Amino acid sequence: MDIKQFEKYLHEFRLAYEEWQRNMETELNETQEKMTDEDLISISLIDSMEKFRKLNKGNKNK
Numbered sequence: 023m024d025i026k027q028f029e030k031y032l033h034e035f036r037l038a039y040e041e042w043q044r045n046m047e048t049e050l051n052e053t054q055e056k057m058t059d060e061d062l063i064s065i066s067l068i069d070s071m072e073k074f075r076k077l078n079k080g081n082k083n084k
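FYI, in this note's numbering the residues of the sequence shown are 23 to 84.
Some hints here could point you the wrong way.
Only pairs whose alpha carbons sit at most 20 Å apart, straight line, appear in this in silico SDA-like list of lysine to any residue [claimed, not checked]: (1) K56 <-> M71; (2) K76 <-> S66; (3) K30 <-> E41; (4) K56 <-> M46; (5) K76 <-> D59; (6) K26 <-> L37; (7) K73 <-> D61; (8) K30 <-> W42.
Computed beta-carbon distance windows for the label pairs [said to hold, decoys possible]: (9) Q27 <-> K76: 29 to 39 Å; (10) F74 <-> E49: 26 to 36 Å; (11) F74 <-> L50: 51 to 61 Å; (12) Q27 <-> K82: 56 to 66 Å.
Treat the hints as calculated values from the structure; they're not laboratory data. Since we're looking at a predicted model, the values are computed, not measured. Quick reminder that beta carbons are idealized off the backbone N, C-alpha and C, glycines included.
Generate coordinates for the entire structure from the input sequences, incorporating the hints supplied.
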């Protein structure tokens, strides 16, 4: 593969990556818009439980 082919490949890859990134951002925004307060509370509780488990596990190892 010569340098011109590589540059073309790199450019196409960059365009595809940027499109993928835009799609992921759009999907994330749409998902967040659909979330209810109950969803957010559930996520917060799950995060808190995971943090507690990690802290508790660390205390048991002492």
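Structure-based check of all given hints:
no. : hint                    : in the structure
1   : K56 <-> M71             : 24 Å, violated
2   : K76 <-> S66             : 16 Å, holds
3   : K30 <-> E41             : 17 Å, holds
4   : K56 <-> M46             : 15 Å, holds
5   : K76 <-> D59             : 26 Å, violated
6   : K26 <-> L37             : 17 Å, holds
7   : K73 <-> D61             : 18 Å, holds
8   : K30 <-> W42             : 18 Å, holds
9   : Q27 <-> K76: 29 to 39 Å : 49 Å, violated
10  : F74 <-> E49: 26 to 36 Å : 30 Å, holds
11  : F74 <-> L50: 51 to 61 Å : 27 Å, violated
12  : Q27 <-> K82: 56 to 66 Å : 57 Å, holds
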